[in-house]
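K.L.:
Knowing the structure of chain L, use the given hints to seat chain X on it.
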Amino acid sequence: MAHVVSPLDQPSNYKDSQTRVDRRVQNDLLAKSTTLYIGNLSFYTTEEQIYELFTKCASPEDGGGIKRIIMGLDRNTRTPCGFCFVEYYTHAEALASMRYVSGTKLDERIIRCDLDLGYREGRQFGRGKSGGQVRDEHRQDYDPGRGGWGAQAQRLEIERRREVEERYQDATDGPGAVAGGGGDWKEAETSGNESRLKRGRSPEDEGEGDTRLGQRARLDEDMDAERM
Amino acid sequence: MSYDRPHRGGGNRRRQNRDDYDDRRRDVYESPADKLKAAIIKFGEVDVLEELPLLEKQIREFTPLVVPNLSEAFRIAVTEQPFKIPYYAALLRRLHDLPEETATVDGPSLGKQILEDFWKGFQAYLDKLAWRETRLCIHFFAHLTVAKLISTDSMFALLQSFTAVLEEFGVSHGRAKKAAVCAAEGLMIGGPILKLSSAERVQEIINAIQAYNDSATSPKWLTGPVVKMYSEEVSTPNADELLDTVLQALRTLDESDFAETATSFSQPYTTYADPDLTTYDLPSVLVPPEVIELDGLSTDSGEEAQVKKEEWPEYFLRLFDNDITPDPKTPAGYAVRAGLLDILDIFEVNRKECARLLIEYSKWTIPGTFKPKPGGSVVPEPVPGKDWQLESTIVENVLGAYLVLPESCHKSIYYIGVITELCKLSPSTVGPAVGKSIRKLYSTLGDGLDVEVARRFAEWFAVHMSNFGFQWVWKEWIPDLSLSIQHPKRAFMRRALEFEIRLSYHDRILKTLPAEMQAPEGHTIGEQAPGPDFEYDDPSNPHRDAAQSVLNLFRGRAEAKDVISHLDTLKATLETSDDGGVVNADALIRSIAIQSLLHIGSRSFSHLLNAIERYLPLLRSIASGGASSAGGSGNPEAKADILTASAAFWKHNRHMVAIVFDKLMQYQIVDPTDVVGWTFINRAEIKELSESTGPLSLSAFEWDLLKGALDKANGRVMIARRKITTLRKEDDDTRAKAKADGNSMDVDADVKAEDEAPAVDSPALTTALKAFASLTREQKGALSRTLDGFVSCLAPAATDLNPNPHARIVISDEGWNDRAAWDKDQWNAWETWGWYRQFCRSYAPYLRNYSTTLFTVSFVKFEGSTDPAAELLKKTWNVATGQE
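The listed protein sequences correspond, in order, to chains L and X.
For the first sequence, position 157 (counting from the first letter as 1) is numbered 157 according to our numbering, and the numbering increases by one without interruption.
For the second sequence, position 371 (counting from the first letter as 1) is numbered 1371 according to our numbering, and the numbering increases by one without interruption.
Isolated chain L (complex conformation) (with noise of 0.2 Å):
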């Protein structure tokens, strides 16, 4: 159905400028991604909060879920700077969000959801001059929920802010620092080898495998500019 309207399931025109995956390769992964970007969030909000509302697209009943949130840090901080990525088990759920969560609230922000080729390792942290998210760099406007707000007047953020500070200092990168979210049902391990023998199939092979899209390092700064 989509002559009429346009399906808000599609993802933007936003790209990692310097990833060597040509467009086309790029576009058969978001045609099956499972993970979404998600942004304009404030830096207050907590996993929990996201867990709750991205649950509402969650399918548990056809073998989906929530699999894992990466929360956006300031590479400096390691603070919530604003954005994350949710990824689920199936593709439905993620355009599900697509379709019916980006552009509402939570915490009382209008957050956006931009299907995403996947997480890679680094980009939980901000691209940013100053460790945040690249449009924070820039913004001009007073948004107390993204660092701009003023002491007196949001006594309620300061105790939150406090947590929050709190909540990843001991955030690391490399290798193993995001949890991995745990894969599909597996026979117990005792009923063991002969089942691992023969060529090892792939569908729930959990491994951040491509490496043309994983190893480079790719500290662009566009990276979170177009994606609010």
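Hints in this document: simulated from the structure, not taken from any laboratory.
Careful, some of the hints might be misleading.
Which bits of chain X does chain L cover? Going by a derived footprint, with three or more residues having C-beta under 8 Å, they are [as the list claims (entries may be wrong)]:
#1 1068 to 1082
#2 1347 to 1355
#3 1403 to 1413
#4 1462 to 1469
#5 1502 to 1510
#6 1660 to 1673
#7 1705 to 1715
Below are the DSBU-like pairs computed for lysine-lysine, each with C-alpha atoms no more than 35 Å apart in a straight line [unchecked claim]:
#8 L:LYS56 / X:LYS1308
#9 X:LYS1411 / L:LYS56
#10 X:LYS1737 / X:LYS1770
#11 X:LYS1329 / X:LYS1352
#12 L:LYS105 / X:LYS1352
#13 X:LYS1309 / L:LYS105
#14 X:LYS1386 / X:LYS1363
Positions of the beta carbon are idealized from the N, C-alpha and C atoms, including for glycine.
P.N.:
Chain X only, in chain L's frame:
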């Protein structure tokens, strides 16, 4: 729209690197034929009647004439913009008439050519049983029959091929319902001319639908939104069932020989002179049977494992009086409801456009149907009996569709999102309609509003408020604080606030409440933010030091095996301590280890995942009861202890309990069956967590835990099934390829092996089939444990531990009528009955596969019993599994 946002800052630099694939949405060249198609589809955006002759002229003058292009435009227009169907019928009728300057007839008219080609599209929809498209094409044909372009005989035949479906042996309710609505709506629109042609065939159609509806009464007992458990009869004030409304509207029309069709459906073509040309005969059709995909998979005990979502009678709640919103049992009211529901369904891909089209709906209705917008230039004369409020009508119907039982057609969040968009489009008119709807729904709580409807109401309320600054006038509900603490109104307030807090944070929500509700004695909201509770942090806890030592290992990122050996040492110490040793050292060690691990993971959802992933070997070791290998399905008691420790740690935060349980299942530390068992039995140990302490019963929170476990079990079977399908196809392809290649030398070893013994499955498929067998076993176990749990809650034997003495009283007539005096335990028992109903109807597709075994296991003890609770349990079960 989001993807139309212009590039910001620094765009030029970035653009340099881009290749040809860069812009995903390059402008597509639009040919003149495409433009004509677009003109047909967009027809009517300004003034439909003015545009009609212009568009006719544009089509006639366009060369070259490509009929399929035109008919495709009509097909898209009719199936995606049903509100314009009468005008497309008028347009086609004009294209059928001879243009004035043409003197002679040369072959079939343009209109007829388009119609013939349009029919092919209809046939394709029917072949794939695309019911909505099929039905909307029937609307189009019915209008064309009234416009005298289609013969009444062939239209009757078309409608009757749909009523024939109702007489099929063993027809599913879903199929029958959709076929009946196709025939009924076609008759409503075509009635004026059809009845003139044959009153008898009109009667036949109505009678066929009536006969079907009379035969399908028992499922209605299970899906009405207002519950009277003691009563056999299905009476639902404030709610209408779809087929009931269809029939009542149809009968009303028939009584007046379809005079009311003209005041219910637009018919812009009725003023046209009769056409000179002969009418078109629709070819005859047969509604194809439903395709049942047989994958031949059955469980290891031989049950069918196919899941077929059964469709139920659809009840829509009414929230307003008949003078505010139309009564769907009347012809005009039915037309409005059907029109709005079609928009809601078709535009699911774009909720913003959906909201816009709903708000513009009055433009397509007969003038006077809805109150005019204030400030409009022309104020039409209000039509007596109509003059309804558009926004209230829209909100009522969107909520009606949202609250259909056992589940809505689309995800809850879609309907919630549409209402949000409606409010954004027209806050001053939609806002009050939403407020009134909330008050009306709230007022029915405690008068039998189904527990699942109440849960969805709370969910909508919280998400809606989250989008509109949490502004609700809570103080109007202060008087209800005097009701029993488990009264559905109070349960609703607590639940709605809990959901609001999940989307926001405690202090923010607390601020929105009046003092009476903030106060601890109001029992409406927690006093503090729902944080973790690490019980071994308390200096007075005798095991504080032991827990600290474990915590320190976790903090130092010790290896799992070191933690395991430390726990063994701790256990030995506890067992031999001075004061005679700890009674259950195993349970205590488990509690210390799990709580400490959750403590490490308590900062965020990601921290939780990291903690679990890092210590999977430890968790497996604990789940297996300390046995050396982590094989098998673990030790039930150890797994119950894990769940208890997790629930105790998060006892102030039920959201986290649900998340932790979900991830423990995800990482296969515990199984869904463990969670089900725990929810019915062990949960009562943690007083803070549960609304339903005291006698065994379930509230919405426990239901959410059960649902999480059952969905997990069912979801895994679904994944396993998909995997098998893929692998089988791969195997078949490999075999076919091997065959084709003959004995060529470069086939790899795998293929060669299969070539020699073609019937052997690949190892991957064998593994997948084994996984499928254990997963269906687990699924059956989880369902069985749930049924058992409900049976012991609702029909407890006097000897059971902590039976609810009210389980039988609340389902009796007098018990229910005495509800003003009910206290906590009565309401808990009533709610538990409600969740049992929801369990049976929403998991019916799964339960059906195992119905014989499960019935025997859980109900055999009631053989010959006249216990009313046992009777109701069995009746509910039988209706849900299609045996009554």
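K.L.:
State the violated hints by number, sorted upward, taking the hints as numbered earlier in the document.
P.N.:
none
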